[in-house]
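*Asks:* Sequence:
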Amino acid sequence: MKKKQSKKHSFPRLWRAVSIVAFGILVSTGWNLWQLRQHVEAQLLALTKEKGALVEKQQKLQTEIERLNEPTYIEQLAREQLGLVRHGEITIAPKN
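Residue numbers (this note's numbering): 45 to 140.
Rather than coming from a laboratory, the hints here were simulated on the basis of the structure.
Do not rely on the hints blindly, as some may be mistaken.
[Said to hold, decoys possible] Label-pair restraints from in silico Cβ distances:
1) Ala86 <-> Val129: 55 to 65 Å
2) Glu114 <-> Lys93: 30 to 40 Å
3) Arg60 <-> Lys93: 47 to 57 Å
4) Pro138 <-> His83: 56 to 66 Å
5) Gly96 <-> Arg57: 56 to 66 Å
6) Ala97 <-> Arg60: 54 to 64 Å
7) Leu126 <-> Thr92: 40 to 50 Å
8) His83 <-> Gln120: 47 to 57 Å
9) Leu89 <-> Gly68: 42 to 52 Å
10) Gly96 <-> Tyr117: 23 to 33 Å
11) Leu105 <-> Lys139: 33 to 43 Å
12) Gln79 <-> Leu58: 30 to 40 Å
13) Leu128 <-> Gln106: 22 to 32 Å
Using N, Cα and C, we set each Cβ at its ideal position, and we do this for glycine too.
My request is simple: use the sequences and hints to build the entire structure.
*Replies:* As structure tokens, then:
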């Protein structure tokens with residue numbers, strides 16, 4: 045009769061042990077998933093900021109492209125950066 049009683053008690057012990065191990069695995073997996081989510085959210089925030097900066101830079105470059113297609117702006121750049129003058133004009137430069 046003792047053998048029957050020990051078998052009765054061994055099944056609940058085994059079930060408790062399996063439950064504890066399963067719970068531990070769930071907690072560990074949950075923790076890993078939470079850490080992964082935090083990492084992904086941080087990367088998403090950084091990439092969103094980078095995207096905003098790149099969109100702003102793209103808009104500035106698009107504006108510059110549009111200005112470079114204007115003859116008056118091209119003339120202004122030629123005069124300021126290259127020192128070019130129109131036919132008949134005289135360049136006056138200050139002495140250093």
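*Asks:* Quick check: which numbered hints come out false for this structure?
*Replies:* The structure conflicts with hint 9 only, although it agrees with all the remaining ones.
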